[in-house]
Amino acid sequence: MLKLFFRYSKGYRFRAVMASLTIALEVVFEVLIPFVLKDVINEGIFGEGGMQLVVEKGLLMIALACISLLCGVLSGWFGVSASTGFATNLRQAIFHKIQDFSFANIDKFSTASLVTRSTTDVTNLQQTFMMGTRMLIRSPMMLVASTIMAATISGDTSVIFAVTLPIMAVFMGLVAIKTYPRFKRMFEKYDTMNRQVQESLIAVRIVKAFVREDYEYQRYAFRADEVRDANVKAEKLLVLSGPMANLILYGSIIATCLVAGNHIIAGDMLVGDMSSFISYIAQILTSVMMITMIFVNIVMSRASAARIMELLTEEIDITDDKADPNLKVPDGSISFQNVSFSYSKDGGNLTLRNINIDIKSGETIGIIGGTGSSKTTFVQLIPRLYDVYDGIVKVGGRDVREYTLKNIRDAVSMVLQKNVLFSGTIEENLRWGDMEADHDEIVSACESAQASGFISEFPDGYDTELGQGGVNVSGGQKQRLCIARALLKHPKIIILDDSTSAVDTATDKKIRDAFKNELSGITTIIIAQRITSVMDADRIIVMHDGEINAIGTHDELMKTSDIYKEVFSSQQKGVA
Amino acid sequence: MAKKGKGPMSAPGGRDANKFRRPKNTKATLLRVFSYMNEYRARMFLVVLGIVLSAGSNVFGTYMLKPVMNTLKEMVDLAAADASYTPHIENIVGYLVIMGLGYLVGVFGQYMYSRIMIDVSTGTLYKLRVDAFKCMQRLPIKYFDTHSNGEIMSRYTNDIDSMRELISQGIPQLINSTIRLTSIFVMMIIISPLLTLLTLVMLGIMLGVVKLLTSKSRLFFRRRQQALGAVNGYIEEMVEGQKVVKIFCHEDAVKGDFDELNEDVRKASLAANTWAIVMMPIMGNLSHLHYAATGVVGSILAINAIGNMDIGSLTTFLQYTRNFSMPITQLSQQFNSAMSALAGAERVFELMDGEPEPDEGDVTLVDVVWNEDGSLKESESRTGIWAWKVPTQDGFELVKVRGDVRLEHVTFGYEEEKTVLHDISLYAKPGQKIAFVGSTGAGKTTITNLLNRFYDIQSGEITFDGISIKRIKKADLRRSLSMVLQDTHLFTGTVMENIRYGKLDATDEEVIAAAKLANAHYFITHLPQGYNTILPADGANLSQGQRQLIAIARAAVADPPILILDEATSSIDTRTELHIERGMDSLMQGRTVFVIAHRLSTVRNSNAIMVLEHGRIIERGDHDELIRQQGKYYQLYMGIFELS
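These protein sequence lines are chains A and B, in that order.
Last residue of the first sequence: 576 (the numbering used here), numbering continuous.
Last residue of the second sequence: 1644 (the numbering used here), numbering continuous.
No lab work stands behind these hints: they were computed from the structure.
Warning: the hint list may mix true and false statements.
Heads up, simulated DSS-like pairs for lysine-lysine below, C-alpha to C-alpha not over 25 Å straight-line [claimed, not checked]:
| hint | chain 1 | residue 1 | chain 2 | residue 2 |
| --- | --- | --- | --- | --- |
| 1 | A | LYS236 | B | LYS1127 |
| 2 | B | LYS1377 | B | LYS1473 |
| 3 | B | LYS1429 | B | LYS1473 |
| 4 | B | LYS1632 | A | LYS509 |
| 5 | B | LYS1632 | A | LYS322 |
| 6 | B | LYS1216 | B | LYS1024 |
| 7 | A | LYS108 | B | LYS1243 |
| 8 | A | LYS236 | A | LYS328 |
| 9 | B | LYS1243 | A | LYS406 |
| 10 | B | LYS1632 | A | LYS510 |
| 11 | B | LYS1255 | A | LYS10 |
| 12 | A | LYS565 | A | LYS509 |
| 13 | A | LYS360 | A | LYS509 |
Facing chain A, according to a computed beta carbon distance under 10 Å, are these residues of chain B, among others [as the list claims (entries may be wrong)]:
| hint | residue |
| --- | --- |
| 14 | GLY1056 |
| 15 | SER1057 |
| 16 | LEU1096 |
| 17 | ASN1149 |
| 18 | THR1157 |
| 19 | PHE1185 |
| 20 | VAL1186 |
| 21 | LYS1267 |
| 22 | LEU1318 |
| 23 | MET1496 |
| 24 | LEU1504 |
| 25 | THR1507 |
| 26 | GLU1581 |
Every residue, glycine too, gets a C-beta built ideally from N, C-alpha and C.
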């Protein structure tokens, strides 16, 4: 966690140090005040000093308090400035890291957990950082300074601390160590409980349709009860610390009265000394208590730090390491040579086995296959969204790993099955394909994707605002916008992963015609459920269980492939 | 409206709820929070007692310093005046013992109230949570349409969390600070009314500072929440579409936009936090100033022997000044968090007060057996034969569930003035398969949502086996039909548990049989732990098609007389669909089935196909009839029209 603090406080380290320094100064001045007061009492009231001394010393004390106040305020500002800076750096590091993630990295973390890490967890650490630079300096300083001052007044009496401090420290340490696992458990239970609320909210129709309200309620009550138990268990220990600290504090005060009382009677200590001494006891023991509280807090924010570290140290498995930055994709040819793929790194459970195929530049390839036959996995290897487990994927005659990610992905445009539009206007969304595109280019891409018709029907046309996730367009319209966006990249290869499933067959046909006529130079790969979507492709690949089952034209496959024939007939049955 | 997916994280409500808000009706809300603590009344009494003991002993213990110091001083003075006098430490031991006893009582009180408070706060929170959940389960679907998941979720997280702080720390601290402040003040007056005047001046300054700082920081906090909301929203949206960002190589552009928003947050939180954080050192040092001033003034009083000032009184008074600022700081901090906790409580209560689903029906669904004479008899055990138990004037009547569903002149709108369905009439005979075809927004899903009374119709009538569905108890109505929806939602748990959701007491064999029926058995057995494989809620490790197969199995295990399939096979490829067709056929066998499908091949063999447009049935008939009519269905079928 310290490493994390150090690394991401860059640019704000001076302020962090200043926060610590100023708070240390604050402590020094603060601690001096009771010391001066001792003189006021001893020499002013009992001694010879009289009014003049009292006023002088009084002004001194007020000056000390003012300097201390100034230091305190400065320290507050430095501390806040450093900790917000740290949080800004950390948030940026996390977000940039996520941007660099490969698909495999993204799959590993859920969206919700990525968001929590970059929001709640960062806020937690920000607070810990702030505490670390200020309170964690203040309390030990206070402890040391007060002890020194107390020892200066009466070394003998301060032996009391030698007894009480270790007892307090050990006790507080024990409480902190014992409570941490209990709190951790409580937070786990808490997450489980809230997850259930979330699930039953998302699936509220299922819950109601199956009349499972009571069932859900009982499960929730059970979990809420678990949280309660875990909470009681954790706090039961924690509440011991307050009374225990006070017990020790009070014990110390009484012991001081006895020891110091003896000294006063013996004449080697003054009454004012004892008054100040008691002030220091309170300061010392409050410091110890603060230190333990901070400790408990740090221990608890360890979970946040661990979660963030896990993300920041996540190894990005697809990089430009072996790439030649000058290498551009020359054409749209694709070649798979003995390709195997697994979603797990050790190659267990192969999703694709032994794929071999050569696709010529400009060819149109259809892919058909059942649920779970790895069609998507297959095409995702082309823009290097994942790396192969074994074998080579070549684009334009070169291994995809030889191109930079930018170059390969600029050349290979892919329309995802589960696609997303961002908030902003339609035009802004389309520009994702090409930032510099002029309006005519955008319109032309939309015409190819058969989207220009419905866009111009919107009152604001291309300036129509889309909400998050593009909620105010229908599924079919969204798919066509995504195709237009992909076309604007002017790719060498375009991959449509079931991208027209919500588009009617007639429009689907128009899109394919546009691809054929206007974009004939582009290698087109179409994954589809509907056989009509791939029927007129140059070649059709039939996938089954992670392998290529058959390749050929529609007519060939109708003769040779049983699976293809079955798919065909499943979609033809009943047509008169 | 009904189908829009609302991600729990994407909703703005979650962020919105962070905003600093003041409760609308502080007193009523506070009383209602207290009402949750009502059953802990006796214990709360002990808590208050404990706090009084703890605060009192602290004040008392400090007060006992006065005789100790004075006795010591007297003895020193006596010894100085009279050489034969030997001072005895025993003279102060008595005071110390009293002081010690006082402290012990205080420590005991402190432990007592802290420990009891845990039970009270966790118990109260438990009750609140469970109550909120229970009330939420009773809310109609309409509520969930108009409130995003994120918004509702934040009541369980943000709002209940801030209440947790209020109950477990806020309330005891409020009591504690008030008691301490008053008792310290009283003791100050007793010791020295003159020095107390000084305290009053300081108190005025402190309150002024608190007021100034909190009003400043509140202003900036609002700005900070906005900036934070903007950056969190951006993170959510981009992370959600992360794969698209990657495909378009937009990482750098996105990073740039993010950095700007992030910098805004830094500036806004710097301002907000600075105002909040400087409160501590300012208050702390004002207290030191107070301490110093008291020391000086007190010494002057002592030297000039004004107002009975002696060393004991001064020491004690000085201790009190040290303890004086703490409760003020705490009170001012607690006041703010109490306000936002109450605003949170108000939102939780708002959820609880949501109008529950109306359920006025008295007809129930019961298992029956045939008597030998052909009449029906209610049965305790599950028989697979169901009947509606209709109360009559003299007892009740059993009507066999056959699956006869009729809609007569049904008109409906999600909002009163916006009619979605116009004058829909249809008749599904027992065992028939009725299909709905039409564009998005034509009202297909709406009709099925009316059958199970997710929504209530505005006019017309819907009857099951001749009984108006308004007369049937909602739970029983819904038990009589099963739904498979396009968005298949699974729950965290094993595959087995997910399928069993359809019928909680289903045996493993029944579950497996249902999975086989849905053609899901094969892929399930290939999962790492087969039926015991744990699925995360979003079913991430399954394809959409596989999830739909599980949802079909879930409906199959429920074994209801009526079945609704809303795009239930949309993500299953046609070949697999063909394979599960036999299973689907046997699932539909003997049941009345309503089917909504985009893919016309799925609806082809229906007994009747309803073509909907703008909430009206424009064509009806079986496949061949509709093709012959050469109307809309024919055009759709030939791919001339688009279903969007």
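Status of the hints after comparison with the structure:
{"no.": "1", "hint": "A:LYS236 <-> B:LYS1127", "verdict": "holds, 20 Å"}
{"no.": "2", "hint": "B:LYS1377 <-> B:LYS1473", "verdict": "holds, 20 Å"}
{"no.": "3", "hint": "B:LYS1429 <-> B:LYS1473", "verdict": "holds, 22 Å"}
{"no.": "4", "hint": "B:LYS1632 <-> A:LYS509", "verdict": "holds, 19 Å"}
{"no.": "5", "hint": "B:LYS1632 <-> A:LYS322", "verdict": "violated, 57 Å"}
{"no.": "6", "hint": "B:LYS1216 <-> B:LYS1024", "verdict": "holds, 22 Å"}
{"no.": "7", "hint": "A:LYS108 <-> B:LYS1243", "verdict": "holds, 13 Å"}
{"no.": "8", "hint": "A:LYS236 <-> A:LYS328", "verdict": "violated, 65 Å"}
{"no.": "9", "hint": "B:LYS1243 <-> A:LYS406", "verdict": "holds, 14 Å"}
{"no.": "10", "hint": "B:LYS1632 <-> A:LYS510", "verdict": "holds, 20 Å"}
{"no.": "11", "hint": "B:LYS1255 <-> A:LYS10", "verdict": "holds, 19 Å"}
{"no.": "12", "hint": "A:LYS565 <-> A:LYS509", "verdict": "holds, 21 Å"}
{"no.": "13", "hint": "A:LYS360 <-> A:LYS509", "verdict": "holds, 23 Å"}
{"no.": "14", "hint": "GLY1056", "verdict": "violated, 13 Å"}
{"no.": "15", "hint": "SER1057", "verdict": "holds, 9 Å"}
{"no.": "16", "hint": "LEU1096", "verdict": "holds, 5 Å"}
{"no.": "17", "hint": "ASN1149", "verdict": "holds, 5 Å"}
{"no.": "18", "hint": "THR1157", "verdict": "holds, 6 Å"}
{"no.": "19", "hint": "PHE1185", "verdict": "violated, 19 Å"}
{"no.": "20", "hint": "VAL1186", "verdict": "violated, 21 Å"}
{"no.": "21", "hint": "LYS1267", "verdict": "holds, 9 Å"}
{"no.": "22", "hint": "LEU1318", "verdict": "holds, 7 Å"}
{"no.": "23", "hint": "MET1496", "verdict": "violated, 16 Å"}
{"no.": "24", "hint": "LEU1504", "verdict": "holds, 7 Å"}
{"no.": "25", "hint": "THR1507", "verdict": "violated, 18 Å"}
{"no.": "26", "hint": "GLU1581", "verdict": "holds, 9 Å"}
Checked against the numbered hints above, the structure breaks hints 5, 8, 14, 19, 20, 23 and 25 and satisfies the rest.
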